[in-house]
Amino acid sequence: CIRSMRQVAVYYLRIKSQLDRKWFEVDSGHIVGLSEEMWREIVQSRIWLEMEIFKQYELAFTSTLRKVRDINSQIARNLREIAEVAAVTDDDRTLEFLIKGFNTLIMYSLSERDIRTAVNVLYQYRLLAEAVLYRPYILERIVNHMKYYGQNSQRRRIYFIMDAVAYDLRVLIEMTYDRFPENGPRLLDVFLQLDQIAETQEDWTFLRGVRKSQALLAGFFIRRGNLDLAMRIHNDMAGETQEFLRTVKRDLFSTQSREFWEIEDRGVSFYYVEEAHRESVERFFAGLIREPSAPPESAQIA
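Heads up: the sequence shown begins at 106 in the working numbering, then just goes up one per residue.
Please note: incorrect hints may appear among the correct ones.
The list that follows gives simulated cross-link-like pairs (lysine-lysine, DSSO-like), each with its CA atoms no further than 27 Å apart [stated by the list, open to error]: (1) Lys252 with Lys354; (2) Lys160 with Lys121; (3) Lys121 with Lys205; (4) Lys205 with Lys252; (5) Lys172 with Lys127; (6) Lys205 with Lys160; (7) Lys160 with Lys172; (8) Lys127 with Lys252; (9) Lys121 with Lys172; (10) Lys205 with Lys172.
Keep in mind the hints are simulated off the structure, nothing from the lab.
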């Protein structure tokens with residue numbers, strides 16, 4: 106049933122532009138549970154069938170949270186595949202609606218404290234973002250939403266979500282820089298705001314993962330020869346204590362395998378440093394971490 110709805114949605118989006126306008130004229134009783142305002146918006150946006158399909162997905166998703174995670178993952182994957190077709194067919198209203206759908210699934214997962222499902226939904230969200238790298242406005246919206254839910258999870262004391270968000274943002278920025286470098290700095294702005302909610306020592310302990318991902322991104326910029334962007338990350342991290350910075354570096358270089366040590370859907374370690382990348386990450390930390398006997402000085406990335 107879940108896959109059948111995906112097939113219907115994909116086929117529908119491919120022929121939607123050919124349909125008569127009367128197809129989109131539905132009355133408010135056609136979709137149960139919507140306010141008049143929401144119904145008018147759906148009719149004007151021509152997304153009533155997309156809403157019907159999403160409501161079925163929503164029911165299946167909420168009914169299986171913390172119970173049948175394979176169904177949750179399949180729904181998120183289907184939603185992403187439908188959204189990708191909307192992007193290819195230039196159906197921006199449907200794409201924006203499905204982005205809201207992703208946000209809804211993430212919030213449901215956080216409300217139930219279902220960490221694994223939230224991480225899996227975020228993964229599909231990132232894949233959607235990868236598919237729209239060429240659409241900077243859409244991409245930036247998704248990145249800001251991911252930042253919001255990462256910070257929301259931190260406030261709820263659901264810590265691993267922030268690690269996943271930081272990893273996904275790093276991957277997206279690296280891909281954007283390689284293909285559309287002019288859009289990279291704006292995404293970096295968002296990434297550097299990710300850990301700004303830290304207020305207590307406990308927050309900093311659990312937000313260490315954000316700094317690890319930012320350090321890996323700085324190493325990426327150094328390898329690409331963009332020292333200006335690497336210095337932006339350096340300057341953002343320069344206010345951290347030396348003990349904290351040494352801990353971040355130690356954590357990164359003590360990760361021995363690309364594969365995560367548990368069986369889970371992503372299957373990768375967020376903080377593994379490739380052998381070929383270690384030198385650039387070392388260079389980044391060399392500008393931040395002082396030897397115990399060395400006096401403080403203005404550091405530069407050589």
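A quick look at each hint next to the structure:
no., hint, in the structure
1, Lys252 with Lys354, "holds, 23 Å"
2, Lys160 with Lys121, "holds, 19 Å"
3, Lys121 with Lys205, "holds, 20 Å"
4, Lys205 with Lys252, "holds, 15 Å"
5, Lys172 with Lys127, "violated, 41 Å"
6, Lys205 with Lys160, "holds, 12 Å"
7, Lys160 with Lys172, "holds, 19 Å"
8, Lys127 with Lys252, "violated, 40 Å"
9, Lys121 with Lys172, "violated, 36 Å"
10, Lys205 with Lys172, "holds, 24 Å"
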